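2 protein chains.
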Amino acid sequence: MKAVVLEAKKLRVRNKPRPVPSAEEALIQVHLAGICNTDLELVRGYMDFEGILGHEFVGIVLESQDNKWAGKRVVGEINLVCGRCVLCLSGESRHCPHRSVLGISGKDGVFAPFVTLPVENLHILPDSIEDREAVFIEPLAAALRILEQVHVREKDRVLILGDGKLGLLIAQVLRTRTDKVFCIGRHPPNLKILRKRGIETLMRLPDKKSRYDLIVEATGQREGLETALNFVKPSGTVVLKSTYAGKACLNFSQVVVDEIRLVGSRCGPFPPAISLLEKKAVEVKEMIDGTFSLEEAEKAFAEAQKPGVLKILLIP
Amino acid sequence: MKAVVLEAKKLRVRNKPRPVPSAEEALIQVHLAGICNTDLELVRGYMDFEGILGHEFVGIVLESQDNKWAGKRVVGEINLVCGRCVLCLSGESRHCPHRSVLGISGKDGVFAPFVTLPVENLHILPDSIEDREAVFIEPLAAALRILEQVHVREKDRVLILGDGKLGLLIAQVLRTRTDKVFCIGRHPPNLKILRKRGIETLMRLPDKKSRYDLIVEATGQREGLETALNFVKPSGTVVLKSTYAGKACLNFSQVVVDEIRLVGSRCGPFPPAISLLEKKAVEVKEMIDGTFSLEEAEKAFAEAQKPGVLKILLIP
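Protein chains in written order, with my numbering: chain A, 1 to 316; chain B, 1 to 316.
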């Protein structure tokens, strides 16, 4: 099969053998896949990954030992875990130290016509969710993770830094908890998607006196964290969503004196993400900025890297 | 009166006028004061403070408009707040943006025979607590702050980085919640104080496979934070206690991927600190490594800066 492969830091489309599912796995035909910022970072060298890229997808189960899955339209969680370690047994399986991660670490991804995943990772989709929406379930779950980690109160003023794919999903998710959600970004078309849904948008940094109870750093840039620190209230919370290669520098004495909480946040729960899409509580289709065939992967990646471009989809 | 003054980054003992209390303040005769790491950092340029240093003290109220205070032996909270802003009214007065801080920012401190403080900052001491213990109440409150910020469970494995003054207090405070408390330091006499109280001590970093649910960074060094990140469990918490001038650099992608919480922690509640000393639940007198007269302040500061030296007291 043709697949989008990262090898020696080069992206290329080449032939790979069709994967063979293990006893616990299903073979899935990928209908549609999404390019995530993490994919772009992987190409830049983050995690030193080599193999088939891609972790956002929707597809149909072709084969599995358990008959209940065959023919089902599914999305899949990206962490493949041992199920036996202390972290797995204590409900923190996404942090299993023995895990591989779909298209990110130790497991070939979904930018290919076929992929295998453990059936325990799969979620069956209701018919009311289109493929073009379902492909957003993985990043929407990552946005929902914030609600598991931080108690967002109705009175809280929330600022999202970044009007990229994840920033727009986070803004909409937090808007379900408080009407004081602000998003700062540089791309008018992206911000417009939020304004239509009652979220205030800013194109430049607010007055230094405007402080926020919660700031979500989703710029993908290392400078975002320092900005967050400038606008969070004393005793407030900064959620970190950006991953990048290398270190960032910060005035940690301010973190101590102002008693700021910095909370790293990664993958989240799929069921509430499916539920939000089912209820049409979150707008995702407007975030699609292009659809490419798998053979056009290089062009698709180039497009996805352009400033302001939101979701680019791949059809295997 | 003679006072220990920081001027143009120089420490000197010189004459200053005796302070005059405002209507809300008491005039206090200082019996005993303690040198804190923050005092050492202030001399190195942290906060650009100029004035009389010192914020850890015990003394006797000489004058106040409200008669109930006269003659009382007291300790005092260090944040002088407005009482009217949003943060004060929401119970976060230690973060009042209009605050001055005793001996740290905008308010002369306690390394002098007399000091003034608002009576609302004062706490009357029970007779069972000696002056040499009472002088530890402010840093002990700072250690107790951690229990207000982090839910420490009986099953948690806790590592304290640093066997300095604050590290030893924090270890003892956390030992009241879990018996799996470890402290890593470089000074055998300091660690011995903890071992006598059932706290495990280490002189070198543990095996990388030993991870902890909670790590408290109290080394005073910017390198401490990176060490903390190497030994915290995924989904674990790092409490930051060190303040220093300048920035520190960190691999924030690890914070995101492992979903670490970093929690800045500063001042804490006095009443439980007084209560712990009253119950003899915390050992502090063994931490006194020298007592100097105010005139010997330079010598006292030199002593306090020596590696491994714990609390140095000043008698005004």
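FYI, nobody ran anything at the bench for these hints, they're computed from the structure. Treat the hints loosely; a few may be bogus.
[Claimed, not checked] Partner residues aside, some chain A positions facing chain B, computed with beta carbon under 10 Å:
| # | residue |
| --- | --- |
| 1 | Arg44 |
| 2 | Tyr46 |
| 3 | Lys233 |
| 4 | Pro234 |
| 5 | Lys247 |
[To be verified] Label pairs and their calculated CB-CB ranges:
| # | chain 1 | residue 1 | chain 2 | residue 2 | range |
| --- | --- | --- | --- | --- | --- |
| 6 | A | Asn67 | B | Leu147 | 46 to 56 Å |
| 7 | A | Ser210 | B | Ser128 | 25 to 35 Å |
| 8 | A | Leu89 | B | Lys285 | 19 to 29 Å |
| 9 | B | Gln221 | A | Pro307 | 37 to 47 Å |
| 10 | A | Lys306 | B | His187 | 50 to 60 Å |
| 11 | B | Ser128 | A | Gly198 | 23 to 33 Å |
| 12 | A | Gln221 | B | Glu223 | 23 to 33 Å |
| 13 | A | Met203 | B | Pro189 | 34 to 44 Å |
| 14 | A | Ile124 | B | Met203 | 28 to 38 Å |
Just so we're clear, the structure is a prediction, and the values are computed from it rather than from any experiment. The beta carbon of each residue, even a glycine, is placed where N, CA and C say it ideally should be.
If you check each hint against the structure, which ones fail?
Result: hints 1, 7, 8, 11, 13 and 14 break, sorted rising.
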